[in-house]
Amino acid sequence: GENVEQHPSTLSVQEGDSAVIKCTYSDSASNYFPWYKQELGKRPQLIIDIRSNVGEKKDQRIAVTLNKTAKHFSLHITETQPEDSAVYFCAASTPDYKLSFGAGTTVTVRA
Amino acid sequence: GAGVSQSPRYKVAKRGQDVALRCDPISGHVSLFWYQQALGQGPEFLTYFQNEAQLDKSGLPSDRFFAERPEGSVSTLKIQRTQKEDSAVYLCASSLSAGSNQPQHFGDGTRLSIL
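Heads up: the sequence lines are chains A and B, in that order.
Numbered by this note's numbering, the letters in the first sequence go through residues 1 to 111 in order.
Numbered by this note's numbering, the letters in the second sequence go through residues 1 to 115 in order.
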C-alpha cells in the first residue's frame, strides 16, 4: 500500500517567517494530495489540495508543490501568523480512494 | 447540516463492552469514510462506503469492527468486545462523489476511551 513520510515532525518559526513541510510518497499511482490542518481536539480541515496533473497551486499565503518524478510534495506557508499554529498533515490518495496520511508536523508560530 | 456530524463526541466504555459510533455526512455526499487516529498520529483508513455499498473494509483491525450505512446516508461504526487498544479518535469523512481525487471533509470525531 501507499506509504507517506512527513518532515519535520515539529517546526517552530518566528511570526512573519515562512514555514515549509515536506512529504514523500511511495505509490506512483497516487494522484491526489491534500493537506489538512488540525487544531487540538478539532477536526482535520482541508486547507489546500493538488492533483497529479498540476505542479504547483497557491491560495493566498499557502502554496503546495508536487514533483511526480521524485514522488514528493511540499506545503509552504508565508508570512506566518499565530493562528497558523496547529498540526499539519499531508496525505496521498491512490485510485482506490483511500487517503494515506503522514505522521503530522506540529507548527508553532512565535509572536 | 453544514458539515459532517459525529456522535457521541466522547465515549468511555469498560473493556469487553460494545460501542456504536454515529456519523451523519454532509447532505448529498455519496462517499463516506471512517478513519482511526491514535494520539500523535495521522488518521488511518478503516472503511469506505459509496452510497449504501461498503466497497472497502480492508482497514478494519479485526472482525470485532463492523460498519454499516443502510440507507446511503448515516453510518454507524460498531466495535464489539472492546479492548484497550481500541482507544483512539474515530473520524468520519464524506465527499460529494465517487473518485479518488475528491476532497474529503471530516467530522470532529468520537474520542473513545476503553478502561
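Just so you know, these hints were derived from the structure itself, not from any lab.
Take the hints with a grain of salt, since some may be wrong.
[Unchecked claim] Computed far set for chain B versus chain A, every beta-carbon distance over 10 Å:
no., residue
1, Ser62
2, Leu91
3, Asp108
4, Leu115
[Claimed, not checked] Distance condition first, Cα-Cα at most 30 Å in a straight line; then the derived DSBU-like pairs of lysine-lysine:
no., chain 1, residue 1, chain 2, residue 2
5, B, Lys78, A, Lys58
6, A, Lys22, A, Lys71
7, A, Lys42, B, Lys11
8, A, Lys71, B, Lys57
9, B, Lys14, A, Lys22
10, A, Lys42, A, Lys58
11, A, Lys57, A, Lys22
12, A, Lys42, A, Lys22
13, B, Lys84, A, Lys22
14, A, Lys57, A, Lys68
15, B, Lys78, A, Lys68
16, A, Lys42, B, Lys14
Predicted, not measured: the structure shown is a model, and the values here were computed from it.
C-beta atoms are modelled at their ideal positions from N, C-alpha and C, and glycine is treated no differently.
**OP:** Please name the hints from earlier in the document that this structure breaks, with their numbers sorted from lowest to highest.
**Re:** The structure conflicts with hints 2, 3, 5, 9, 13, 15, although it agrees with all the remaining ones.
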